[in-house]
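Engineer: One letter stands for each residue in the lines below.
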Amino acid sequence: MRVTEWRGKVETQGCYDAISEMLERIEKSKLNAYITVCRDEALKMAEKYDRGELKGRLAGIPVAVKDNISTKGILTTCASKMLSNYKPVFDAHVVERLKAEGAIIIGKANMDEFAMGTTTETSYYGVVRNPYDLDRVAGGSSGGSAAVIAADEAVLSLGSDTGGSIRCPASFCGIYGLKPTYGLVSRYGLIPYANSLEQIGPMADCIDDLALLLEVIAGKDRRDSTNSGKEFKFVPEDRKLKVGVIAEMGGNEDVMKRFSEAVEVIREKHEVEEVSMPSFKYALAAYYIIAMSEASSNLARYDGVRYGYALEKLDSWRRYFSKVRAEGFGDEVKRRIMLGSYALSAGYYGKYYLKAQKVRTLVIRDFKKAFEEFDVLISPTMPSLPFKIGELADPLTMYKADVNTVPINLAGLPALSVPIGFEKGLPVGLQVIGNYFSENTLLNFGKWLGERMQD
Amino acid sequence: MVSLEDVYHTAELAKIEITEGEAEKFRKEFEKIIDYFNILDEVEEDIEPTFHVLPITNVFREDVEGECLSQEEALSNAKHKEDGHFKGPRVVE
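If you read the sequences in order, they're chains A and B. Each residue of the first sequence is one higher than the last, beginning at 31 in this note's numbering. Each residue of the second sequence is one higher than the last, beginning at 46 in this note's numbering.
These are calculated hints, taken from the structure and not from any lab test. Some hints here could point you the wrong way.
Which stretches of chain A does chain B cover? Using the computed rule of at least three CB atoms under 8 Å from a CB of chain B, they are [what the hints assert, rightly or not]:
1) 111-124
2) 250-260
3) 333-341
4) 388-399
Part of the chain B face toward chain A, derived, beta carbon under 7 Å [to be verified]:
5) K77
6) I78
7) I84
8) L85
9) I92
10) T95
11) F96
12) V109
13) L114
14) E118
15) A123
16) K124
17) H125
18) G133
19) P134
20) E138
25 Å max Cα-Cα, derived PhoX-like pairs, lysine-lysine [stated by the list, open to error]:
21) K102(A) with K126(B)
22) K260(A) with K398(A)
23) K364(A) with K73(B)
Where a beta carbon is used, it is the ideal one built from N, C-alpha and C, also for glycine.
With the hints as constraints, model all of the structure from the sequences given.
Structural biologist: This is how it looks when you write it as structure tokens:
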């Protein structure tokens with residue numbers, strides 16, 4: 031549901047009624063998209079709106095927040111047993127911004143445990159089902175944030191994207207999702223997995239809504255030292271672009287059929303040419319090495335002392351920490367922490383971690399060269415249609431599903447997933463990649479393309 | 046090749062207790078994943094690494110007192126506490 035539709039609903043039936051209806055839908059839902067539903071607080075805010083006391087650009091709009099984004103006094107679990115009892119004592123920057131603009135936080139969205147996954151199957155709270163086929167996944171890691179938009183269980187949502195975690199579920203659920211330029215949105219209050227790669231981003235049913243949410247969350251925050259301080263303002267733009275189709279990023283037959291149709295549509299207005307990015311051959315391996323290494327260091331904080339899962343009895347520190355972490359983390363999280371520790375350990379640092387950072391240089395070089403000639407680059411967001419639940423049981427097979435999305439995070443660029451229609455009844459997404467801080471061009475292009483592909 | 050010893054060593058570095066069954070499962074998975082990572086051997090050494098995509102060096106601010114959490118807030122998520130302090134496990138074995 032779009033913001034304009036929601037506002038129309040609120041005008042006719044009142045915000046309290048509209049929110050109650052949405053809460054009822056959530057309660058009956060089979061998607062498992064929420065970990066926590068903020069029922070009482072949402073109804074209280076709706077009443078406040080109806081009394082004319084809630085103001086701002088998002089006044090009265092129900093927004094879902096991914097459960098790795100800190101919300102003061104509201105459970106923030108990261109979909110992990112480790113944080114299943116954790117209530118932050120402060121709000122993330124983006125949550126402060128939502129509240130300042132009058133948004134109603136309707137719930138905390140389900141996700142892969144600590145955002146480590148492509149399907150939400152690693153969630154301690156169970157998989158998020160795809161709104162178009164309940165036997166398939168909604169994508170990950172921000173699966174809940176995407177499913178709630180497609181199923182009208184929220185109007186807007188926030189996700190986070192470390193290697194495709196906004197774009198993958200956006201593609202699988204047929205909605206819009208943006209991974210902003212690294213540094214555009216403050217990460218203060220985002221529970222870290224891989225700091226040098228991740229960004230919080232907006233998800234919505236149309237570009238105007240996505241842009242509105244980005245305008246609200248982007249901007250200066252000194253509590254994130256990697257924050258660029260730049261603001262975002264959506265300005266309509268209508269120009270002919272030079273579009274590069276990335277040769278190294280493909281998909282299976284189903285996806286390529288729809289993607290090729292989109293390319294033909296783009297050709298009607300824009301100039302389209304193929305572009306080759308040779309370094310991408312190494313991007314997936316480099317991405318996973320960097321993400322796992324950063325994870326192994328970041329997740330060292332979970333020791334059952336200051337917060338999170340704890341044992342009844344304190345023991346010697348070695349036994350206590352090792353036991354807390356054995357019981358609190360799921361298998362994929364353990365795998366990534368251990369592999370990260372391995373990649374950083376004596377004798378392997380140069381072979382894996384340092385080498386991966388060298389690949390990062392190559393990836394950035396390829397993008398720089400491409401953007402000298404092209405305005406935007408495109409590819410299928412995901413190489414296949416939404417997976418069946420259980421289809422990606424082997425870890426390496428799951429990692430390989432991220433092949434089209436991870437190079438963007440290595441370079442810190444912005445990328446948007448645009449829904450381009452359905453194949454076999456399942457949504458397909460097209461990824462648009464832009465140069466640093468070119469969100470306005472991406473959104474304008476995405477709006478133009480998305481509208482044409484829905485016809 | 047990843048040995049069981051490698052897996053136990055890594056688990057010890059990561060402070061995660063693992064069972065024998067888990068060790069063998071992780072060993073097989075790690076071997077496949079690390080074998081895939083070895084594709085990076087093809088990449089030449091003579092390249093400057095990029096640790097961070099933004100050209101940021103040190104970000105300074107005025108050294109002034111700001112808002113901070115109260116002792117009660119800071120302790121609100123801890124299971125083991127005593128006299129307004131966190132209570133941790135024994136560090137001398």
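Engineer: Among the hints numbered above, which are violated by the structure, and what are their numbers in rising order?
Structural biologist: Of the numbered hints, just 12 does not hold.
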